[in-house]
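Undergrad: In case you want the letters, here they are:
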Amino acid sequence: MKHIKTVVKGSLKDNKEKTGCGECQTSCQSACKTSCTLANQRCDKKYR
Amino acid sequence: MIHAFTYGGGRYVLDVETGSIHMPDEESYKVLEELERTEAQGGDINAALRGGGEIADELLELKRAGLLFSAPDKDTPMPENVIKAMCLHLAHDCDLRCAYCFAKGGAFAGKRELMSAETAKAAIDFVINISGARRNIEIDFFGGEPLLNFSVLKKTVSYARSKEKQSGKHFRFTVTTNAYGITDEMIKYLNRQMDNVVVSIDGRQHVHDAVRKTAGGAGSYERVAENAYKLLAGRQGEYYVRGTFTANNLDFSRDVLHLADLGYSGVSIEPVVTAGANAIKEEHLPAVFAEYETLAAEYARRRKEGAGFTFFHFMVDLNAGPCKLKRIRGCGAGTEYVAVSPAGDIYPCHQFVSRPEYKIGSVFKKGLDGAITRRFEQCNINNISECQRCWAKYYCSGGCAAANFNINNDIFVPYKIGCAMQKKRLEIALAVAAAEQAEEI
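Protein sequence lines, in the order shown, are assigned to chains A and B. Numbering follows this note's numbering, in which position 45 of the first sequence is assigned residue number 45; successive positions increment by one, without gaps. Numbering follows this note's numbering, in which position 429 of the second sequence is assigned residue number 429; successive positions increment by one, without gaps.
Misleading hints may appear alongside valid ones.
[Claimed, not checked] Across the chosen pairs, the derived CB separations fall in these ranges:
{"hint": "1", "chain 1": "A", "residue 1": "2", "chain 2": "B", "residue 2": "191", "range": "53 to 61 Å"}
{"hint": "2", "chain 1": "B", "residue 1": "41", "chain 2": "A", "residue 2": "44", "range": "35 to 43 Å"}
{"hint": "3", "chain 1": "A", "residue 1": "44", "chain 2": "B", "residue 2": "191", "range": "29 to 37 Å"}
[Claimed, not checked] As a list, the in silico DSS-like pairs of lysine-lysine whose alpha-carbon atoms are at most 30 Å apart:
{"hint": "4", "chain 1": "A", "residue 1": "9", "chain 2": "B", "residue 2": "423"}
{"hint": "5", "chain 1": "B", "residue 1": "163", "chain 2": "A", "residue 2": "13"}
{"hint": "6", "chain 1": "A", "residue 1": "5", "chain 2": "B", "residue 2": "30"}
{"hint": "7", "chain 1": "B", "residue 1": "416", "chain 2": "A", "residue 2": "13"}
[To be verified] Covered stretches of chain B, as calculated for chain A (at least 3 residues, CB under 8 Å):
{"hint": "8", "stretch": "17-23"}
{"hint": "9", "stretch": "77-91"}
{"hint": "10", "stretch": "133-140"}
Simulated from the structure, these hints should not be mistaken for lab results. Virtual Cβ for every residue (Gly too), placed ideally from N, Cα, C.
Turn these sequences into a full structure, and let the hints guide you.
TA: Have a look at this one:
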């Protein structure tokens, strides 16, 4: 493409039914405790 | 839904529903900005692009490929919520008296007290029983200052470990400490047993000492900095040094960099959530945004030179982040995560502890209050109207229910200043990560 470069092909729509296993870290157990930050958490399955 | 934004001379567009990120040229960026407004007003994107020439053709191609202007899912099946993370308030007491403390100097709204070993063991039994098929169980030792009750911390770890095989569970432990009274024995133990360690330091000495004082009113920086270094310098596992910035240190990038310069690789500095004198107000936002940009420039520079550190709020994994369901559910307060007071009472999270109207159970009884937990279950981005229209919804996941409650007295009403700061941080995080990824393509 001439005008627009795709950097990330996101898969949020694709994985909606396959996951939700709940085995990953709860966000408040990482470092936040006062401001919910979810996107910086990681999926245990993808990193296993 | 899309969101077009610029950062550091780069242009970016996020396709909200898929998480796709594109870098448009100047001409197409202008078109995308206009289309974001069209979408927000409920306009027809296909009609807006029809017969629009080369740029419109490229955008339509991306739309057809499911990478731009993606529609929200009509129905996302939500699996059952299972409690699997517990914040144990080992001590409602603290050796510091921080000015902004939501626990009111460690005692919360009640008396100063320590959790007994029996209560802690009952909490472990409770979470084993209620966590169903979940294997990974998280326990966070919290307070007040949890190391004031170190003997119970050790007994709790031993007890949980002794139950792992029989219950089929795997416990992961975190401790959140001010490190003020930590000893060499504690350091050795914590580095062996804790999966994650969070140490509270606010940054530069004058910033830290202005708010993080001892009960006698003295600054705590020197002792905390020395102890934190002893704890973390040789640590193999995960850790964060975590501070708070207030209206009195809006130049907080210097505090983040101070901590990074001390050699810490995991740093988090968060905006204070309070209505008091330290509060971040709307008029502070331009300065806060500029400060995040200043920090990000140095953050990206250090990363590029191979001397980078991790800033908690700039972390975003564009390829292996959390699944969509987790992003919809949010932090899990009251649904996956609960907090336990020294007496064994259960609350939706650590910030609700000691609010009687939010007590949802006891570790000495079975089950939880259904009415309150259902309310927290409903409190997600699918049910908060401001979130449904927000481009950042899958990254902040509706924000912090406790912050919403503390500021607006309603867990469903977003804390607007928090949202504004969150969105600024996310634009930077997405831009930095996308730019790094673009270099690899």
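Undergrad: Could you run down the list of hints and mark each one as holding or not?
TA: Right, here's what the structure says about each hint:
1. A:2 x B:191: 53 to 61 Å: 54 Å, holds
2. B:41 x A:44: 35 to 43 Å: The hint (35 to 43 Å, Cβ to Cβ) holds, given that residue 41 of chain B and residue 44 of chain A are roughly 40 Å apart.
3. A:44 x B:191: 29 to 37 Å: Given about 23 Å between the Cβ atoms, the range is violated.
4. A:9 x B:423: Roughly 21 Å between the alpha carbons, so the hint for residue 9 of chain A and residue 423 of chain B holds.
5. B:163 x A:13: 38 Å, violated
6. A:5 x B:30: Distance of about 15 Å is within 30 Å: holds.
7. B:416 x A:13: 28 Å, holds
8. 17-23: Result for this restraint: holds, n = 7.
9. 77-91: It holds, with 7 qualifying residues against the three required.
10. 133-140: holds (count 5)
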